[in-house]
Amino acid sequence: MSGSTPTNTSAVDFEKQQAAEADAKEAARQASLQQGQTAIDQIFSGSPVMGTKTSNFDWSTFTPGSGRMPASGMPAGYTAVQVPAATTSPTGATAPSRSGVVGMNTNNTPIYAPTASAASSFAASAPSWGLEDASGKITKQGDPLSITSQYDTGQRTGGFDDAFYNDYKQKVLDYYQPDEQRQYDQAQRDLTYNLARAGTLQSSTAGDKMGELAYNDAIQKANIVANANAQTGNLQNQIQANKESLINQLYATDDPTLTANLAESSAAASRMQDPTLTPAAGLFAPALTAVGSAYNAYNSPYTVVQPGATTNPAMVSPTPASSSASSGKTTYG
Amino acid sequence: MGQQATVSAQNQANQDWEATQTAAAQAAAQKDAINQQKAQAALNVAQDKLSPANQTQTQQTAATGLNTQMLTGSPAAPDSNIKILGQPQAGADTSVSSDMATRVTNAAREAQGRIAALAGLTSYGGGYGDMGSSANMALANSAEGINLASDFRKGDTATLGVTQQIQPIQYAQGSNIAGSLAGSLAGIAGKGLGASLKLANTAGG
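Taken in order, these protein sequences are the chains called G and Z.
Each residue of the first sequence is one higher than the one before, starting from 29 at the first, in our numbering.
Each residue of the second sequence is one higher than the one before, starting from 221 at the first, in our numbering.
Keep in mind that the hints were calculated from the coordinates and are not lab data.
Heads up, some of the hints might be wrong.
[Said to hold, decoys possible] Covered, in the sense of this in silico footprint (three residues per stretch, anywhere, with C-beta under 8 Å from a C-beta of chain G), are these stretches of chain Z:
1) 257–271
2) 274–281
3) 367–379
[Stated by the list, open to error] Result set (SDA-like, lysine to any residue): computed pairs, CA atoms no more than 20 Å apart in a straight line:
4) G:Lys44 - Z:Ile366
5) Z:Lys251 - Z:Thr240
6) Z:Lys374 - G:Ala55
7) G:Lys53 - G:Glu43
[As the list claims (entries may be wrong)] A short, non-exhaustive set of chain G residues, derived as facing chain Z with CB atoms under 8 Å:
8) Ser32
9) Glu43
10) Gln46
11) Glu54
12) Arg57
13) Ser60
14) Ala234
15) Met238
16) Ala254
17) Gly261
All of these numbers come straight from a predicted model, not from anything done at the bench.
All residues carry an ideal CB built from backbone N, CA and C; glycine is no exception.
Bound conformation, chain G alone (with noise of 0.2 Å):
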């Protein structure tokens, strides 16, 4: 043994190929949670809604191949190409003609040869490059080029967007509105009876009873707006946790698939989730009440009331009958 020899090729070739299996696991890992994350973002959030827009392409954009860099910067659906220079008229608006791929270049893009009667002329020429589209038409690189391209608009569709917690905000209000317009008429109307039976019904204390009838029912429309928001708000609060949880999953199994599905899964459920609903308890009971017990107290034959009297503001705006009168009924002053 005079010359020199490696003598640990085998255990460097295997930590190699480890590593390259390694950079590969780790690329697939990679791309496998993009994609879970993606899917998972469009469930939740909706899919981008795309628009398309044409314009003129920038040229400027675009880097030519060389040597053995490949072209860059071509837009979405068109290839470059090189063509011998003077295959185009001398504006250029004419795209050149070819006759076919002749060779292919360092940069494995194809070389055309022109055609037949403009190929004694610019055998001479050297290649420039164009873009090609799929119809095969070709542009000559810094010619007017229209594309047409897609963009993000900004606007989603699917997912959970505001119309979805706006309708089930709405859920939660016709159920709970109509019963409190319910038992506001009721008391309206429960109110008059027991005004008109105290004849009281054109008083002052009919307009403070109605006063704080009109106070109850829009404390109590108020509540019932601030209740379906905060139920809006949970349930926004368990959709995002439905997501974090998904993601936990993605991150643990790495697998896109399964985590999509049961995204879905998770997205299907909370759109059938309804709200919490409890019936609503008597809500104008104390105005009622209190009328209740000026009606009992007017009409009570015990009572006696001092004119100017202001511990019970229901019975001030009555003038009751003298005292030595007291049968109950009551004059208005």
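For chain G, the structure is supplied; the task is to place chain Z on it using the hints.
Just chain Z, lined up with the frame of chain G:
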């Protein structure tokens, strides 16, 4: 002559190894920088949404919206017809009905103030679209981006660790002492460079 050839071969192997390791470290550093930028971008979005100005704006918008919703169909709504119980009886003193309307209107105005306070209070947190839930959503969204980038960084670092385990090829010349020397030199060079690459990667990340 054989000894010289062995040393040259070993030097070449070391240089190849160094180039490979340097390229791997640089590639990993580039990936790490990209992922770090992605995480930073996610954080920046959350920071922007959580800025006092934006949170205040969110709260005020929510308060206005809630107040409008709460007053819809309410007797406290400024443009609604305040319902008066019953109608003044024919011949009744108009001062009575006027007093009644005033009292009901005053009650509705009081309700307006309280409802505005309720809307303001609710707009800070606990409901849909308010300041609290918007902040939570912003944080959750940024966490998703940051966690994904962080996971990628960990994976890339682990992959680089496997690459760094690759040893340089070691040459030996039979039983000549030069072969042993070359092997020792390769080992020292490998350890030294490996340590410096780890340091560089740590500093980069």
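Against chain Z, with CB atoms and a cut of 8 Å, does the hint on G:Gly261 hold up?
holds, 4 Å
Would you mind confirming whether the straight-line C-alpha gap from G:Lys44 to Z:Ile366 stays at or under 20 Å?
violated, 31 Å
Closer than 8 Å between Cβ atoms is the bar; does G:Glu54 clear it against chain Z? Give me holds or violated.
Nearest chain Z Cβ about 5 Å off; hint holds.
Return the status of the interface hint for G:Met238: holds when the least beta-carbon distance to chain Z is below 8 Å, violated otherwise.
holds, 5 Å
How about G:Ala254: closest beta carbon in chain Z under 8 Å, or not?
holds, 5 Å
Restraint outcome when G:Ala234 is required to lie within 8 Å of chain Z by C-beta distance:
This hint holds: G:Ala234 lies near chain Z, its Cβ roughly 6 Å from the closest one there, short of 8 Å.
Hold the hint about G:Ser32 up to the distance rule: shortest CB distance to chain Z must be less than 8 Å.
holds, 4 Å
Would the pair Z:Lys251 and Z:Thr240 pass a check requiring their Cα atoms to be no farther apart than 20 Å?
holds, 17 Å
For the restraint on G:Ser60, tell me whether the closest CB of chain Z is nearer than 8 Å.
violated, 11 Å
The segment 257–271 of chain Z covered by chain G? Criterion: 3 or more residues, Cβ-Cβ distance below 8 Å.
violated (count 0)
Between Z:Lys374 and G:Ala55, is the straight-line Cα distance small enough, at 20 Å or below?
Roughly 12 Å between the alpha carbons, so the hint for Z:Lys374 and G:Ala55 holds.
Claimed coverage, the segment 274–281 of chain Z by chain G - three or more beta carbons nearer than 8 Å
violated (count 0)
In summary, the structure is inconsistent with hints 1, 2, 4 and 13 from the numbered list given earlier, while agreeing with the others.
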